[in-house]
Amino acid sequence: MADINLSRITKSFGDYRAVNQVSLDIADGEFVALLGPSGCGKTTLLRLLAGFEEPDGGVISLGGQAVADPANRVMVNPEARNLGIVFQSYALWPHMSVARNVGYPLEVRGLGRAERDARIAKALATVALEPYADRNPTELSGGQRQRVALARCLVMEPRAVLLDEPLANLDVHLRETMQQAFLDFHRRTGATMIYVTHDQAEAMAMADRIAVMDRGRIRQMAAPETLYREPADHMVAGFVGAGAVLPIDDVAIHDAGRCSVRLGDAAIQARICQKVASNSDMRNGRDLGLCLRPEDIWVDDAGTLRGSVEDCVYLGGRFRLMVRLDGDQILPVYATKRARIGEAVGLVISDGWVFDRTEDEAA
Amino acid sequence: MQAVSRLRGFVPGTVRQMAGNRSSDRLLPWLLVPVFVISILPMARLAIEGVFIGGVPSTDYIRDVLGNSTTWRATTNSLYTAGLGTIISLLIGGAFAFLVALTDIRAKAVLVFCFMIPMMIPPQITALAWVQLTGPSSALLNAIGMAPAMGSPQPLYSAEGIALLLGIQHASIVFLTLRANLRLLPREQIEAARLAGARGGRLWWQIILPLTSPGLIAGTAMAFVTALGNFGIPAMLGIPANYSTLPTLIYQKLAGFGPSVLGEVSVLAMLIGAIAICGVALHHRLLGKRDYRLMGMVGRPLDIRLGARRSLVEIVLWAVLIAILVVPLMGLIATALVPAFGVKLSLSNYSFDAFYEVLFVQPSTIRAFHNSFMLSVGAAVTLVAICLPLAYVIVRRPTRLTHLVNLMVEVPYALPGVVLAIACILLFIRIPVINISLYGTLGIIFVAYLARFLVIALRPVMNSFSQLDPALEEAAQACGAGVGRRLRDILLPLAAPSAAAGALLVFLTAFNELTVSALLWSSGNETLGVLIFNLDDSGDTVLASAVAVVVVIVVITLMTCFQLASRRLPKGVVPWQT
Ligand SMILES: Nc1ncnc2c1ncn2[C@@H]1O[C@H](COP(=O)(O)OP(=O)(O)OP(=O)(O)O)[C@@H](O)[C@H]1O
Ligand SMILES: [Mg+2]
Numbered sequence: 001m002a003d004i005n006l007s008r009i010t011k012s013f014g015d016y017r018a019v020n021q022v023s024l025d026i027a028d029g030e031f032v033a034l035l036g037p038s039g040c041g042k043t044t045l046l047r048l049l050a051g052f053e054e055p056d057g058g059v060i061s062l063g064g065q066a067v068a069d070p071a072n073r074v075m076v077n078p079e080a081r082n083l084g085i086v087f088q089s090y091a092l093w094p095h096m097s098v099a100r101n102v103g104y105p106l107e108v109r110g111l112g113r114a115e116r117d118a119r120i121a122k123a124l125a126t127v128a129l130e131p132y133a134d135r136n137p138t139e140l141s142g143g144q145r146q147r148v149a150l151a152r153c154l155v156m157e158p159r160a161v162l163l164d165e166p167l168a169n170l171d172v173h174l175r176e177t178m179q180q181a182f183l184d185f186h187r188r189t190g191a192t193m194i195y196v197t198h199d200q201a202e203a204m205a206m207a208d209r210i211a212v213m214d215r216g217r218i219r220q221m222a223a224p225e226t227l228y229r230e231p232a233d234h235m236v237a238g239f240v241g242a243g244a245v246l247p248i249d250d251v252a253i254h255d256a257g258r259c260s261v262r263l264g265d266a267a268i269q270a271r272i273c274q275k276v277a278s279n280s281d282m283r284n285g286r287d288l289g290l291c292l293r294p295e296d297i298w299v300d301d302a303g304t305l306r307g308s309v310e311d312c313v314y315l316g317g318r319f320r321l322m323v324r325l326d327g328d329q330i331l332p333v334y335a336t337k338r339a340r341i342g343e344a345v346g347l348v349i350s351d352g353w354v355f356d357r358t359e360d361e362a363a
Numbered sequence: 001m002q003a004v005s006r007l008r009g010f011v012p013g014t015v016r017q018m019a020g021n022r023s024s025d026r027l028l029p030w031l032l033v034p035v036f037v038i039s040i041l042p043m044a045r046l047a048i049e050g051v052f053i054g055g056v057p058s059t060d061y062i063r064d065v066l067g068n069s070t071t072w073r074a075t076t077n078s079l080y081t082a083g084l085g086t087i088i089s090l091l092i093g094g095a096f097a098f099l100v101a102l103t104d105i106r107a108k109a110v111l112v113f114c115f116m117i118p119m120m121i122p123p124q125i126t127a128l129a130w131v132q133l134t135g136p137s138s139a140l141l142n143a144i145g146m147a148p149a150m151g152s153p154q155p156l157y158s159a160e161g162i163a164l165l166l167g168i169q170h171a172s173i174v175f176l177t178l179r180a181n182l183r184l185l186p187r188e189q190i191e192a193a194r195l196a197g198a199r200g201g202r203l204w205w206q207i208i209l210p211l212t213s214p215g216l217i218a219g220t221a222m223a224f225v226t227a228l229g230n231f232g233i234p235a236m237l238g239i240p241a242n243y244s245t246l247p248t249l250i251y252q253k254l255a256g257f258g259p260s261v262l263g264e265v266s267v268l269a270m271l272i273g274a275i276a277i278c279g280v281a282l283h284h285r286l287l288g289k290r291d292y293r294l295m296g297m298v299g300r301p302l303d304i305r306l307g308a309r310r311s312l313v314e315i316v317l318w319a320v321l322i323a324i325l326v327v328p329l330m331g332l333i334a335t336a337l338v339p340a341f342g343v344k345l346s347l348s349n350y351s352f353d354a355f356y357e358v359l360f361v362q363p364s365t366i367r368a369f370h371n372s373f374m375l376s377v378g379a380a381v382t383l384v385a386i387c388l389p390l391a392y393v394i395v396r397r398p399t400r401l402t403h404l405v406n407l408m409v410e411v412p413y414a415l416p417g418v419v420l421a422i423a424c425i426l427l428f429i430r431i432p433v434i435n436i437s438l439y440g441t442l443g444i445i446f447v448a449y450l451a452r453f454l455v456i457a458l459r460p461v462m463n464s465f466s467q468l469d470p471a472l473e474e475a476a477q478a479c480g481a482g483v484g485r486r487l488r489d490i491l492l493p494l495a496a497p498s499a500a501a502g503a504l505l506v507f508l509t510a511f512n513e514l515t516v517s518a519l520l521w522s523s524g525n526e527t528l529g530v531l532i533f534n535l536d537d538s539g540d541t542v543l544a545s546a547v548a549v550v551v552v553i554v555v556i557t558l559m560t561c562f563q564l565a566s567r568r569l570p571k572g573v574v575p576w577q578t
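Chains as they are written, first to last, in full-length UniProt numbering: chain A, 1 to 363; chain B, 1 to 578.
Extracted from the complex, chain A is given alone in its bound form (with noise of 0.2 Å):
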């Protein structure tokens, strides 16, 4: 029934597109993480999803009714959408207790004042600040007005959730224990949740699905593993997980989504693309890119690949060596043992995975 789709939204602020054509389908229940770098679109887009801005044009829905529709003149108050949202700046009233910030939404609702102290306090239980709930916003630390945020949420058990970088003030202690308290609600209760943040690790380690956004639009949105072992365009491939995107230009199509790639005097086996694949076009051009993710290189002196070490770098219980091969290219590597800056070492490529660098400027 919280199932969320944006078919085609667009939002300007004068001339400039923050949100650009998105569309997005979220099932419900469904944990979705909006990840993208500062600037591009992501707290615009949950405005719009929460009523505060109005589209330029397309269509939101929630939960199969059209809440936002410029073009038939459809625009539902945000009080009426219930959706839960926790704000990049916090938003507590300063006027109001904590237990009193927490218990609005239930005060809104018009509950009885025991069920409302009952839930107040396990909302705050939640969040571990059963101590502080007569105390004043203002005599409390930002993580802990964070949590009030997020309590003050929670308790409304809304139908979907959205959460504009919640944990960014957090020590990383109690990241955990708040993620894990998403993971628990969200489990609980099988709201919807959107999740903005720009943290891919906290992205990767709790969303069913990521969505990237760059400058206003969606790259893709797939699950974690399928945007890392197969990210749709160039940006994603960057801004995704650590490794390199190296240009190629010839490629050998196998069956099964598999070709070999030549690199320098190396032949790589690598998934491809379904897109590329099929279209023998786009294969003869020159655009194509190579993503290689750092644990499938392995420095082995029997390599073909040839290049020398810019940079090593110990991350406890393994090395990162920065390998520069002869294309002047730079590939970041997983050792098992120190290099010397300038060493020339050799390489073995066990996988790879090959697109159309194009795309995004298509897009």
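Quick caveat, the hints were computed from the structure, so don't treat them as lab data.
To give a feel for the contact side, a few chain B residues facing chain A, derived at Cβ under 10 Å:
id	residue
1	Pro470
2	Ala471
3	Ala476
4	Gln477
5	Ala478
6	Cys479
7	Gly480
8	Ala481
9	Gly482
10	Arg485
11	Asp489
12	Ile490
13	Pro493
14	Leu494
15	Ala496
Just so you know, even glycine gets a beta-carbon here, dropped at the ideal spot from N, CA and C.
Following the hints, complete the assembly by docking chain B with the ligands onto the known chain A.
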């Protein structure tokens, strides 16, 4: 479990009302209707007098008035005195507001309390006190041997004298507006600047001043417009020096009476209105370019340490306060205590006869107190109730209509009170359709007060709305709270300090108001201002001063009550409380 279903059930029920584009917001523009009736209609009615002669449209009055050089001399004089007066208000009120709100000076509550008092003394009484104080026959200056030589001109009978008193009179307006604004200044923003290395003057000029510029601009605009329409001070100081401003010119025209008087007054009124609107338009232009919404938490006050300079600053503040408060009050009290006007006061001849006379012999004093109290409290309460939603509409749902209303509400305040009074008489002498007359009742004074003081209550509230982080309201909206509920639960408490400041301003201004009620009163319906004026006018200056002293005492008592109750009221409702 039942509660869960209730929560879930909340959704489908409300989503169905989606036909309306923000349907509840549609109601908001209707708020503009009462504003039209009370503040724009009377003005329109008066304007008709200026452009119609005998029911026929004509530009004769306009040509007559604008072609006359006295009009332009008075305009220049008005601009000069109001402009200079505003600068003085800004310097005094601004300095007080900044120092009280942001630094660690001591005895803030007392300081603020005292600073509010000069505003409560009617302007003509202030002018009288200062004239008695500074002239060649000043008791005080003679005593210390510094009086100007006999026969030398009274220094206050000049443009600069008018400006000085206007500046002192309206300093509290700047102070209150700015302080309401400073309250919302979050500590973090100043702390961030200090960490960035901003110190001393740089901190003031580059961070605090720009952040508070909305309040500064609003206070300046209000002080200017108030000074422009002030009648008491230029009348007392300008007329003896043959120096006229637009309000005194209008007064002189009215006094002269002739067949064309209404038409000419109407044109002059439009001229003042036009200047006021220009000033306000400029103010909105300036404000429009700054969207300094203060993000983050509000509420924790700031205490910049002044260190060794603290005592010096305190001494200067108290010295200024003594000059603008204690000295004129002394003059007033002295006049009230003399056995007869003109008699030199000494320790042996003072008498309380005047107080006895006004309080126990003449019934009109108590009646006037009652009337003025009802009128000013009624106006303050009504206006705050109108202004909270109105300010919300103007700030958060701007349209061309609200822009117009925003400018027009300024007009009844900027016009001299007599002009507003004439407009109200013209309009309400017989209300069309329902056919009743308000003239001769307290009702007409009440309506005129609503029109005149609307803007005083409106500006501080607008100011604080435009500074609130919109997310505060949006968060409540996401919680399911509709417009009314958000106003009540979120916006109103957060705007309460400014609304209270506005209400207090209305109350204080209305309590001593003279120029509007001067034409509208009738026997039994006199206000305090009228009473004082009539006593003074008929030569009973001593009785007038006695009433004025009683007024000041009553107001100070009321303020003290507020002060004592402030611990029970929400934080910041009493504007002078720190
Ligand atoms: N009210 C507004 N008026 C004009 N431009 C705006 C407004 N709100 C956002 N923008 C612009 O729209 C773009 C997207 O803003 P948005 O706040 O959605 O970014 P974001 O992805 O949330 O960034 P961040 O991760 O830094 O929070 C930005 O370039 C911003 O400058
Ligand atoms: Mg954002």
